[in-house]
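Enquirer: First to last, the sequence lines map onto chains A and B. Residues in the first sequence are numbered consecutively from 1, following the numbering used here. Residues in the second sequence are numbered consecutively from 1, following the numbering used here.
Worth flagging that the hints you see were computed from the coordinates, not collected in a lab. Glycine included, each C-beta is placed from N, C-alpha and C at the ideal position. Wrong hints could be hidden among the right ones.
Covered stretches of chain A, as calculated for chain B (at least 3 residues, CB under 8 Å) [as the list claims (entries may be wrong)]:
| id | segment |
| --- | --- |
| 1 | 319-326 |
| 2 | 366-376 |
| 3 | 405-417 |
As a list, the in silico DSBU-like pairs of lysine-lysine whose alpha-carbon atoms are at most 35 Å apart [claimed, not checked]:
| id | chain 1 | residue 1 | chain 2 | residue 2 |
| --- | --- | --- | --- | --- |
| 4 | A | 118 | B | 98 |
| 5 | A | 119 | B | 439 |
| 6 | B | 298 | A | 249 |
| 7 | B | 104 | A | 2 |
| 8 | A | 249 | B | 142 |
| 9 | B | 439 | A | 154 |
| 10 | A | 405 | B | 212 |
| 11 | A | 468 | A | 407 |
| 12 | A | 39 | B | 96 |
| 13 | A | 249 | B | 134 |
| 14 | B | 142 | A | 2 |
| 15 | B | 374 | A | 118 |
| 16 | B | 306 | B | 221 |
| 17 | A | 55 | B | 96 |
| 18 | A | 286 | B | 134 |
| 19 | B | 96 | A | 225 |
| 20 | B | 374 | A | 119 |
| 21 | A | 192 | B | 96 |
| 22 | B | 104 | A | 246 |
| 23 | B | 212 | A | 407 |
| 24 | A | 249 | B | 189 |
| 25 | A | 50 | B | 142 |
| 26 | A | 225 | B | 134 |
| 27 | B | 374 | A | 346 |
| 28 | B | 306 | A | 249 |
| 29 | B | 96 | A | 181 |
| 30 | B | 439 | A | 192 |
| 31 | B | 298 | A | 32 |
| 32 | B | 212 | A | 246 |
| 33 | A | 463 | B | 96 |
| 34 | A | 468 | B | 142 |
| 35 | A | 407 | B | 298 |
| 36 | B | 374 | B | 171 |
| 37 | A | 463 | B | 174 |
| 38 | B | 217 | A | 405 |
| 39 | B | 439 | A | 246 |
| 40 | A | 2 | A | 154 |
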Amino acid sequence: MKINSPLEAYKYLPQTNCAECGEPTCMAFASKLIDRSGKTSDCPPLVKEKKYAKKLAELDRLLAPEIRQVTIGVGERAANIGGDDVLYRHKLTFFNKTKMFFDVSDNMEEAALIERVKKIADYKKFYVGRNLLLDGVAIKAASNDPAKFAAAVKKVAEVGLPMIFCSFNPAVLKAGLEVAKDKNPLLYAANKDNWKEVGELALEYNVPVVVSAFNDLDALKTLAKTFAEAGITDIVLDPGTYPSGKGLKDTFTNFLKIRRAGIMGDTEIAYPIMALPLTAWMAGIKDPVSASYWETVMASVFTIRYGDIMILHSLEPYAALPEMHLAETIYTDPRTPVSVEGGMYKVGEPDKDSPVFFTTNFALTYYTVESDISANGIVCWLLAVDTDGIGVEASVAGGQLTSAKVKEAFEKAGFDLKTDTNHNTLIIPGLAARLQGDLEDTLGANVKVGPMDSGRIPGWVEKNWPPK
Amino acid sequence: MAKKAKLSEMTDMFKDVDILSLEGVTIEGDIEIELDGLGGGFDPMLAAILGQENAVLAQHFARLAGIFGVPVGFGAPGAGAPAAAPAISPVLAAPKLKDLIPAKFDVANIAEWTTQIQEVPIGNTSADGGSRGKRVMLGGEKALPFFPDAPMPNRNQVTIDVFDMRLGLAKAVKENYDDVMDNPGEWAKKNVEKFNADMITIHLISTDPLIKDTSPKDAAKTVEDVLQAVDVPIAIGGSGNPQKDPLVLAAAAEAAEGERCLIASASLNLDYAKIAEAALKYDHDVLSWTQLDMNAQKELNRKLMKQCNVPRDRIIMDPTTAALGYGLDYAYTNMERIRLAALMGDEELTFPMSSGTTNAWGARESWMVSSPLKQDSDWGPREYRGPIWEIVTGLSLAIAGNDLFMMMHPTSVAALKQITQTLFGSIEAEPVDIANWIKAEV
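Using the sequences and the hints given, assemble the complete structure.
Expert: Laid out in structure tokens, this is it:
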């Protein structure tokens with residue numbers, strides 16, 4: 001965005017402090033605009049009253065992210081990419097997590113094609129209260145046959161995931177568009193040979209389009225600029241992704257340069273960037289596990305350094321899991337607190353016979369333990385000990401988790417093991433096993449060492465609860 | 001044969017036409033423009049490279065010629081074929097996508113990166129008064145890792161863990177070390193000879209009073225054994241017990257006198273002065289360890305430098321590594337912020353960094369047989385999950401600015417070296433033609 005202080009945004013607001021947006025003052029609302037937690041459309045007077053129209057338009061221009069946001073697909077699972085304002089996540093946050101599209105070919109057997117697409121659509125991993133998902137399907141026109149490609153698109157479209165159409169042949173792309181008119185697929189790609197025809201398709205069908213120039217940023221910018229001047233707004237950049245040696249280093253450098261230029265205000269190249277980690281499979285790596293590893297390595301590099309969307313091949317859990325987690329890691333908003341409130345939490349409706357666990361108030365630790373317990377139907381008390389938001393192992397090592405701290409947490413929560421339970425027993429994390437003796441002395445309670453990982457609590461409870 | 005049009009003729013030809021796009025262009029002299037091949041194999045991208053002005057002119061002429069059906073160029077066989085013009089694809093008739101608008105890409109280096117990271121050597125060779133076969137050098141960066149702003153002088157280094165006793169490890173890790181786990185010297189040897197470790201780290205965990213309470217003297221003996229067994233530089237770690245570590249590490253430092261080992265670690269919750277003193281007295285480096293807190297890192301570095309007089313070329317930082325999925329976002333950003341602050345001149349942070357990448361094995365995804373949650377999709381074989389978890393954890397921190405990696409799984413070590421050295425620029429590979437990736441069999 002072009003402005004960075006609430007004061008600058010405030011100038012364009014009604015300044016009536018009407019509070020219709022939910023904020024007490026226009027200045028408070030302006031801060032939300034600047035940290036991008038609020039949108040101009042949240043201010044009813046600004047949107048409704050004609051006299052503000054000019055100010056609204058100007059404010060929207062000033063607030064627009066440096067990197068264009070592009071939407072692929074439609075409906076619930078539509079994928080937004082781009083929209084970033086910073087080069088480093090701690091400066092604000094990154095927006096629109098890197099989207100993972102997995103490849104299929106139009107020459108696959110129909111049953112295999114459908115099975116793979118369903119697998120992509122259904123893949124999920126539970127993480128801190130929600131599911132991590134894969135994002136879409138890249139359909140490769142390996143046949144170069146418009147009819148075959150259209151048939152494959154039709155099948156894939158039924159599943160409802162966003163799609164990328166991959167062909168340098170405009171006739172093939174057109175055939176795909178004809179059978180998926182309302183699906184808003186991303187066209188891959190316009191290059192130096194086909195740009196007119198592919199650009200025309202993007203305009204005619206009003207869909208986003210990739211411009212592609214391998215390892216040639218002048219050519220890439222030329223294509224992007226040409227398209228923008230022609231009125232194409234939803235552009236994605238493909239500078240090529242080489243899988244090894246100097247080629248991969250050049251690719252990395254290209255991604256850095258493009259994003260730096262975009263964030264620094266070169267609007268002609270301020271678009272989302274596409275990475276193609278699946279070229280790892282062209283690097284001559286014989287063993288498929290190693291090839292998949294290398295693909296994940298490439299995906300990791302470009303998740304961190306500015307890839308907004310990528311096409312991948314390996315659907316093995318050892319590829320998809322780390323890739324999904326890394327995208328989550330890099331795009332998690334660093335402004336959200338790292339800890340939960342210390343105190344006693346109930347999982348289910350515990351009573352005096354229910355077990356009592358404790359963990360630390362590091363948000364990730366707490367939510368992991370909480371979900372492991374609740375997902376397995378265990379009713380219990382769960383004490384979050386304030387360790388300054390540090391996990392169990394690290395806080396034991398660092399001295400933020402001690403028997404005195406645990407005692408203090410019980411006292412603060414007003415929970416007494418002797419009177420609030422019938423068993424006077426505390427179950428401690430396996431990683432805090434060394435506190436067992438200390439805790440028995442400090443609390444005057446029975447202290448049992450639970451498993452090293454909360455995922456094993458269900459098995460542990462089955463074996464060890466109630467205490468004999 | 002292609003025809004040639006002289007500019008003067010062209011100008012005459014179009015003088016009555018209002019051509020906005022030619023406004024401001026002064027055409028002087030009798031320049032000949034080759035329109036050979038226009039319309040057929042004309043490569044506007046090539047034209048763009050040839051020079052913006054020439055390209056613009058050439059394209060204008062190509063377009064104008066197209067619009068007016070001028071029988072010049074277009075590679076039409078035979079002369080006098082005005083009908084050739086409409087043969088241009090109908091797309092050309094659309095108003096907007098006619099010609100490439102040439103653009104040059106350019107971006108500046110980061111001016112604020114003014115300060116170089118301190119270079120810190122580990123290991124003394126005979127030339128330095130030690131017995132190591134080589135010395136590793138960390139740091140020296142003037143930009144974020146692998147960035148084009150300034151060359152990175154030293155590659156990343158990997159030190160593989162050795163423990164002074166048999167312990168529980170993830171199955172995928174343990175099967176590599178089961179035969180040497182009772183002998184730290186043999187373990188160290190295997191790391192170097194078989195798994196290509198740049199360094200080894202000996203963790204003296206048995207000294208923990210709650211584990212075996214091994215005496216500092218016996219721990220020092222283990223360090224001697226390891227120094228005998230391998231000639232790479234070594235790092236020496238304690239058990240994490242804040243009361244005992246200073247005693248253990250001081251004894252170990254004495255036993256390793258003159259070898260310039262990395263003593264791990266000084267931290268704010270133990271007697272860091274004692275550790276720093278031993279490191280200086282016996283010629284070692286100090287690992288300055290804090291927990292995901294940049295300000296605490298500054299404080300500890302400051303204390304090491306000002307209170308303990310540790311020279312700048314003996315400090316390496318461990319700002320803490322959290323595993324992928326378990327706080328890597330904090331570890332990543334903490335390191336990236338530390339490195340950026342250092343490059344911009346914060347002298348309390350201009351040190352190389354070290355990561356306990358082995359922590360990745362604490363993530364359940366790396367070692368658990370299957371997901372504890374029923375709704376998850378299949379986690380697949382764990383023996384493949386673990387190493388990639390360690391790789392991605394380490395690689396992320398390499399990109400954030402980390403220099404030295406303490407690791408465990410041989411496959412992870414190999415892959416991390418391959419990618420960091422690729423980005424460093426020292427890996428040669430046969431160029432891969434990716435032009436046809438859409439049709440490639442994978």
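Enquirer: What are the numbers of the hints the structure violates, in ascending order?
Expert: 3, 4, 25, 26, 28, 32, 33, 34, 40
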